[in-house]
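Novice: Residue numbers (the working numbering), protein chains in the order written: chain U, 1 to 304; chain H, 1 to 304; chain L, 1 to 304; chain W, 1 to 304.
Among the hints, a few may not be true.
Here are the in silico distance ranges between beta carbons for each label pair [unchecked claim]:
| hint | chain 1 | residue 1 | chain 2 | residue 2 | range |
| --- | --- | --- | --- | --- | --- |
| 1 | W | 174 | H | 169 | 47 to 53 Å |
| 2 | H | 266 | L | 252 | 24 to 30 Å |
| 3 | W | 249 | H | 217 | 26 to 32 Å |
| 4 | U | 234 | H | 147 | 34 to 40 Å |
| 5 | H | 137 | W | 249 | 54 to 60 Å |
The set of hints was computed from the structure by calculation and includes no laboratory data. Backbone N, C-alpha and C fix where the C-beta goes; we use that ideal spot for every residue, glycine too.
Protein chains: 4
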Amino acid sequence: MDEVDDGGRPSPCVLEEFVADPRSARHSPTAPRPDLSTSRVGLTDATCCLGWERELDRQEDGVLLENKNAVIYGGGGSVGGAVARAFAREGAKVFLVGRSLAALDKVADEITAAGGVAEKGGGIDVSFNAISHGDVHGAPLVQMPFEDFARPIMTAMRAQFLTARAAARHMVKRGSGVIMAITATTARMTIPNVGGTGVTFDAIESLCRQWGCELGPLGIRVVWLQTTGLPEAIDDSGNLFPNYGTGKAMTREEIIDWMQEKTMLNRLTSLAEVGSVAAFMASDQASAMTAVAANITCGSVPTR
Amino acid sequence: MDEVDDGGRPSPCVLEEFVADPRSARHSPTAPRPDLSTSRVGLTDATCCLGWERELDRQEDGVLLENKNAVIYGGGGSVGGAVARAFAREGAKVFLVGRSLAALDKVADEITAAGGVAEKGGGIDVSFNAISHGDVHGAPLVQMPFEDFARPIMTAMRAQFLTARAAARHMVKRGSGVIMAITATTARMTIPNVGGTGVTFDAIESLCRQWGCELGPLGIRVVWLQTTGLPEAIDDSGNLFPNYGTGKAMTREEIIDWMQEKTMLNRLTSLAEVGSVAAFMASDQASAMTAVAANITCGSVPTR
Amino acid sequence: MDEVDDGGRPSPCVLEEFVADPRSARHSPTAPRPDLSTSRVGLTDATCCLGWERELDRQEDGVLLENKNAVIYGGGGSVGGAVARAFAREGAKVFLVGRSLAALDKVADEITAAGGVAEKGGGIDVSFNAISHGDVHGAPLVQMPFEDFARPIMTAMRAQFLTARAAARHMVKRGSGVIMAITATTARMTIPNVGGTGVTFDAIESLCRQWGCELGPLGIRVVWLQTTGLPEAIDDSGNLFPNYGTGKAMTREEIIDWMQEKTMLNRLTSLAEVGSVAAFMASDQASAMTAVAANITCGSVPTR
Amino acid sequence: MDEVDDGGRPSPCVLEEFVADPRSARHSPTAPRPDLSTSRVGLTDATCCLGWERELDRQEDGVLLENKNAVIYGGGGSVGGAVARAFAREGAKVFLVGRSLAALDKVADEITAAGGVAEKGGGIDVSFNAISHGDVHGAPLVQMPFEDFARPIMTAMRAQFLTARAAARHMVKRGSGVIMAITATTARMTIPNVGGTGVTFDAIESLCRQWGCELGPLGIRVVWLQTTGLPEAIDDSGNLFPNYGTGKAMTREEIIDWMQEKTMLNRLTSLAEVGSVAAFMASDQASAMTAVAANITCGSVPTR
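Excised from the complex, chain U in its bound form (with noise of 0.2 Å):
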């Protein structure tokens, strides 16, 4: 009875039914689409949720996730949509999450150009958080007020808990599945005016771990990536960027310049790298990893 006041968010039970009749949430290219506005779960009010299984048109051992069942929350931003469409790919079916049902479609409709098609799914196999946490940068700590501070960590923490928990509920009945979350180097680097970004990163990591040392021995696995800041993820409306210690505020290409120089491969990551790795994490071939980041930060944050 603890969700009860969780305002919204994805709570076991609403996940379950979602997860037992995920028919509306779904679409195919060849039927009307459904009414999704009957599927609303998860973070707020406006959360939508949609799901897709890719066509398995190649061999069946050339793809790592055949037959699993992936949920993804933050589906319609840039790295949901990347670890959606790489899932897919690889034989996933997938179900996004999201608070925006535009930015779902967006990648809905780009899982169904590339072959996906709508089928009726068991449990899940696999959950991706991949929202946003509302974080504040370019102020120092000394200048911001609490809740600023503190909002991302929170944010984060309720919806990774949340989720993890539903997920971790419905796994140990199977006995297997595997929990996802991402963070970046803003928390490895230290960099200055990020607010509480680099505490929000290190406390979904502790998070993971705890997780992980709790579900390893039910059989569930708990993983994370971590990666540089996303070109194609970053801002292209022409505003500035804060300082983060430089000494003025960047343009988009001076912040990625000022990025790229802290890798050892003198680029950052991309989308299609984040989804890749995701998939490779959630399959069985990584089944000797839980409680583990992979580490996708072109060198900025050698393994210690």
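Got chain U; can you put chains H, L and W on it based on the hints?
Specialist: This is chains H, L and W only, laid out in the frame that chain U set:
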């Protein structure tokens, strides 16, 4: 104005007021005890504040914290008390902030008995936050209400952020100061059934790194202690402790044995060690340390 | 000319010769077996080299290492063999280097039976060093001769440095390539009575970071695997194992149990997992990974 | 008997002899200088050994290392000298081991001028190894002869292993003691063109962990310091320094600036800080520290 809704927690104005006129908050063995009710500031309505200064009967070069003013949040607890005693022994004027006047009084009496006298203070040189966080142990996350998981994280983030920000705003003006915290091996050893404790400690360490990188150029250091469980602070009421993955509830002796086995020195950290190391880290002898921990875990978690 | 006194270890000239004309080192199920004695290169006088290519009977997009040439040092051992099989399965041409022709032959026959055929190779795309280091376990350092402690460190440093340098000199010309190594939890768990093994693994990881930061700007990635003990590679001759601080010598079953208890998944890593993860790390799908490990320790050492 | 071929390096027998009768190795301002040629022990034929004790003119509780005997390898160098002065200031009897009598004499004179007197010593309480390793910087690994890469690693492993083993064998009998080393950020910051230096420091830290886990149950602690580059120890002969990936050779001022930019405190560690922290780590006040570093890198590498 962001402090307006912080509900009685230490805000810069309250703390600076306290610093500017701390007389009412301190007492002397030879003077009548001040009316402490007038100096209640801090984390809750019941929070109290006391101040002492050690009588400098040693040679000047024999003490680490001469002429330093230190405020200790959670000063009535085991850790806060140990730190207070060590700081006073090393020559600091010590101000205690806590929720229980009786607990503060006990520490105050010990310090007084050891030679501490009241004296008018100046600014803050050291801020040490050792408050407790209301952790809930003993159940796996999968059975835990979100609120029980989140409480210690939010309690710690709020207290650490606000007390550090208050101290930092004061220290920035003088271009020096040391902000301190304490964590335990619960985080680094990834133990099941500790609820949000591991995440809390990792978040505290992450926040210290963030403060460290932002305040370093301003001359302010941020350091923390990493301890094992502290036998002197472990409940000896006869209650059983959770199993922490060991398969059965543990008596006080069993849990101490279980923790000792995880160390290299086959023993746990003492409060005296906490105090001595805290005093050293707070002193100018540790002036090259910031954004780092003093690891006093008896070898439980080697430096990597 | 610094290779002159390296006593038969792989030097750039020898390796490049081998790369330029590897025909004699490979064989086909339909062709007479080549005279392998002519292709002996490597770590000692007895080192042998064999090469294979997997028959590409799968779709191009179904394999990770199509058109890649991989050289595996220690290819006759458990790990090297597992990596070789996985690389071949994913479409790579595999070259094995080791000290025992019989051991290489065994791996070669397995690959051949699975469809591998001989083919003329080009340059090196992947270099994987999985040689053993002559570790001495079972005595504390305080009783250990320096030579026994130092042997694995020096063996590893020499082999890892020289094979990586040889590969790097070749890969620099093409602006791409992946250099790989493997370590075990012996280092990260800080276990007594392992002699120089922990230092050896830490030094290998450190060297990988060093190579990574120097070769990253040149397009070459350097990655490694971190495993638990590998049951399939553990001596099953009935000999007892050292006590490793447990107080008594252990049978094979006891040592496996002891290692399993330290994991979250309650099991150890399999050779198949080593192979699959190695193949992924070597592939372009892991193109954002350098100076990092794939941690496949079943949760023994969570990412921090 | 494994020491037989160690070529003059400190072996247990030589060191214990030195400990048993250190008179000839120490001198007093009021006594004739002893014949130091009889006390030459150590790393090479030219290694010398001197011993001092600080005159205890301070109160007993004002010093950290009263009645402690400390041997410092590399005592004639910048770091060893700073440690020696700090140890002596804190009341320890200090024995210096080094390769150059002139360098030892300089440190000895400084200690004497500050009040040190000769006295007969007992066993060893602290062993600090601060020798240099013959690193070669300025070229990428891909162009470096193996010997240049391996020399510092082997020099460090041999010296750290043999001096620690000698001290440990002695300390085991008394059930107490502290073994110490020092590393620099070269390892943790993963800088190009440092040859084997990064690996050397990582290997030293790994060896300290190994010693720590084996010696902890016997009452012996093993700790080390992590520093930035030390300006007072940087060559001021006007020679240029390597580019370390910066694109051009650097003057002394440029290399100091470049290192300072990587710290949070915008400055580098001083020798006085090295000495003070070393003295604290060696003292009983740090009795809960083993297998850990004191990170005095001015915030270059935050604790994670």
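Novice: Does each hint hold? Answer for all of them.
Specialist: Against the structure, the hints:
no. : hint                        : verdict
1   : W/174 <-> H/169: 47 to 53 Å : 51 Å, holds
2   : H/266 <-> L/252: 24 to 30 Å : 29 Å, holds
3   : W/249 <-> H/217: 26 to 32 Å : 28 Å, holds
4   : U/234 <-> H/147: 34 to 40 Å : 36 Å, holds
5   : H/137 <-> W/249: 54 to 60 Å : 57 Å, holds
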